[in-house]
Amino acid sequence: MDIETKVIEIIAEQAVLEPSDVRLESTLESLGIDSLGLVESIFAIEEAFDVSVPFNANEPTKSAFDISTVSSIVSGVKALIAEQNA
Amino acid sequence: MKRVVITGAGTINALGGNVPNTLEAMREGRCGIGQLQFHDVERLAVQIGAQVQGFAPETLFNRQQMSLYDRFTMFTLIAAREAIAQSGLEFSGALAARSGVVLGNSGGGMTTLDENYRSVYEEGKNRVHPFVVPKLMNNAAASHVSMEFNLKGPSFTVASACASSNHAMAQAFQMVHGGVAPVMVTGGSESMLCFGGVKAWEGLRVMSKDACRPFSATRNGMVQGEGAGIFVFEEYDHARARGAEIFAEVAGFAMSSDAADIVMPSKQGAARAIKGALDDARINSEDVGYINAHGTGTAANDKTECAAVSDVFGPHADKLMISSTKSMHGHLIGGTGAVELLACIMALRDGIIAPTIGYEEPDPECALDVVPNEAREADVNVALSNAFAFGGLNAVIALKKAP
Chain D
35 MDIETKVIEI IAEQAVLEPS DVRLESTLES LGIDSLGLVE SIFAIEEAFD VSVPFNANEP
95 TKSAFDISTV SSIVSGVKAL IAEQNA
Chain U
340 MKRVVITGAG TINALGGNVP NTLEAMREGR CGIGQLQFHD VERLAVQIGA QVQGFAPETL
400 FNRQQMSLYD RFTMFTLIAA REAIAQSGLE FSGALAARSG VVLGNSGGGM TTLDENYRSV
460 YEEGKNRVHP FVVPKLMNNA AASHVSMEFN LKGPSFTVAS ACASSNHAMA QAFQMVHGGV
520 APVMVTGGSE SMLCFGGVKA WEGLRVMSKD ACRPFSATRN GMVQGEGAGI FVFEEYDHAR
580 ARGAEIFAEV AGFAMSSDAA DIVMPSKQGA ARAIKGALDD ARINSEDVGY INAHGTGTAA
640 NDKTECAAVS DVFGPHADKL MISSTKSMHG HLIGGTGAVE LLACIMALRD GIIAPTIGYE
700 EPDPECALDV VPNEAREADV NVALSNAFAF GGLNAVIALK KAP
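The listed protein sequences derive, respectively, from chains D and U.
Residue 73 in this note's numbering sits at position 39 of the first sequence, with consecutive numbering throughout.
Residue 508 in this note's numbering sits at position 169 of the second sequence, with consecutive numbering throughout.
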């Protein structure tokens, strides 16, 4: 499974939606994912890809990991995996 | 109803092993937060905390006690010995029969759990020490205080996460106030600074990796601490009759529940508890000079707390002082309100307001006088201590100058 499909699957599961209902331009807020859901999604991403996501709930916008849309999360995960394999 | 006063105080925390040393550290704005030291700490993403340093329990407890006491019980007993010695009380006869101990605690014997899980899961052992249960149960500390000091009245432990010791002190106050007990030993303790304890908190992603900076725009999370704060709450007439030194009067309290979210605080819930404490103590909001804030240094708490204070106090919110001593002693979870009550006592008795250290940059959402970085002298007649727990459980205590 490619990275994008897996990330969408994780987010869809958190939002209780079908993966087909999650679009790359969706924001987590628009999918009904709150702060607890966000922390859980990040945990699921870390477990799925065996990476450490730099994310502090106190300063979500300051993090190098951009959570503004599904697309930005996918890019972030790709970057982390590339970094890990470098 | 009986008036209730504080006639004894004791503590051990990262700032000091007793009340005078702790208050001195608060006056000087010293920080007790540093690199954590315990087994497997290198596996943590968050490696700072306010650990009690130079702790030598073997000089304070005998071999049998050592095998029965978790770290949180040891902290509790050390603080209780100081508080009760200070009060000058000895419990016997009718006084012993009616006096009790109500303490706050959240995690129980976390170090005991951690060590024994490691032993059976990681090391594969099939046998544990026989005292694991009596060590880890979170009423162990209250029970050992009752045994050491012969307190035979109402005794139990209150668990409401970060508000535990404020809820406990509210119970103790109510018992003395209502004439159930002439004296109650109260406060709380916590000792979660072990691998499993910090690892669990790490998961929530609300911990700072560098410092606790409450109310500062640059804050990035909470930092855990450990220790205990213990007080003797005594009926005023009883204290006066024996000529006891009085630290402060416990004037009232209030509790409220947000009934909203398991982790996000509510302004309305916090405001109802603050307003409720003023009403219970029959205090005008303009008379409050100092608030010891819950002030965890998280984005969510600090702005919600400041908004609640502004709502309750209106224009007076800009005149009162509000500081978070968690910047120095860390967040003691179930014991935090007890250690923080010491800052309220210092404000009322000594006229010194403990600062919020680590303050770097104003946050427009926390635009109150947070006593940044340096202690201040001020004549304060009424002080509040806020505690707002995960789970939306709030408890606020109101203290007045000694009568």
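What the hints contain is simulated information worked out from the structure, not anything from laboratory work.
Treat the hints with caution; some may be incorrect.
[Unchecked claim] Heads up, simulated DSS-like pairs for lysine-lysine below, C-alpha to C-alpha not over 27 Å straight-line:
(1) K548(U) <-> K614(U)
(2) K491(U) <-> K464(U)
(3) K614(U) <-> K96(D)
(4) K548(U) <-> K491(U)
(5) K538(U) <-> K464(U)
(6) K96(D) <-> K40(D)
(7) K96(D) <-> K658(U)
(8) K112(D) <-> K96(D)
(9) K614(U) <-> K464(U)
(10) K740(U) <-> K341(U)
(11) K740(U) <-> K658(U)
(12) K96(D) <-> K739(U)
(13) K606(U) <-> K464(U)
(14) K740(U) <-> K96(D)
(15) K112(D) <-> K740(U)
[Said to hold, decoys possible] Short, incomplete list of chain U residues facing chain D, as computed with Cβ under 10 Å:
(16) I601
(17) M603
(18) S605
The beta-carbon is built from N, C-alpha and C at its ideal position, and this holds for glycine as well.
Going down the list of hints, with the structure as the test:
For the hint linking K548(U) to K614(U), the alpha-carbon distance of about 35 Å lies beyond 27 Å, and the restraint is violated. Restraint check for K491(U) and K464(U): the C-alpha separation of about 39 Å exceeds 27 Å, so the hint is violated. Straight-line distance between C-alpha atoms of K614(U) and K96(D) comes to about 35 Å, which puts the hinted pair past the 27 Å bound. A C-alpha spacing of about 44 Å is found between K548(U) and K491(U), which places the hinted pair above 27 Å, so the restraint is violated.
With a C-alpha separation of about 23 Å, the suggested pair K538(U) and K464(U) falls inside the 27 Å cut-off, and the hint holds. Of the supplied pair hints, the one linking K96(D) and K40(D) holds, its CA atoms being roughly 25 Å apart against a limit of 27 Å. Annotation: proposed proximity of K96(D) to K658(U) is violated, straight-line Cα distance about 33 Å (limit 27 Å). Taking the CA atoms of K112(D) and K96(D), the gap is about 19 Å. The hint holds against a cut of 27 Å.
With a C-alpha separation of about 53 Å, the suggested pair K614(U) and K464(U) falls outside the 27 Å cut-off, and the hint is violated. In summary, the hint linking K740(U) to K341(U) is supported, as the alpha carbons are separated by about 17 Å, within the 27 Å threshold. At roughly 19 Å between alpha-carbon atoms, K740(U) and K658(U) fall within 27 Å of each other, so this suggested pair holds. Of the pairs offered as hints, the one joining K96(D) and K739(U) is violated, with about 42 Å between alpha carbons and a cut-off of 27 Å exceeded.
Taken as a hint, the K606(U) and K464(U) pair is broken in the structure, with Cα atoms around 49 Å apart against an allowance of 27 Å. At roughly 44 Å between alpha-carbon atoms, K740(U) and K96(D) are farther apart than 27 Å, so this suggested pair is violated. For the hint linking K112(D) to K740(U), the alpha-carbon distance of about 60 Å lies beyond 27 Å, and the restraint is violated. Hint on I601(U) holds. Least Cβ distance to chain D is approximately 8 Å, under the 10 Å limit.
Among the interface hints, the one on M603(U) holds; its C-beta lies about 7 Å from the nearest C-beta in chain D, closer than the 10 Å criterion. Interface restraint check: S605(U) against chain D, minimum CB-CB distance 14 Å, threshold 10 Å, status violated.
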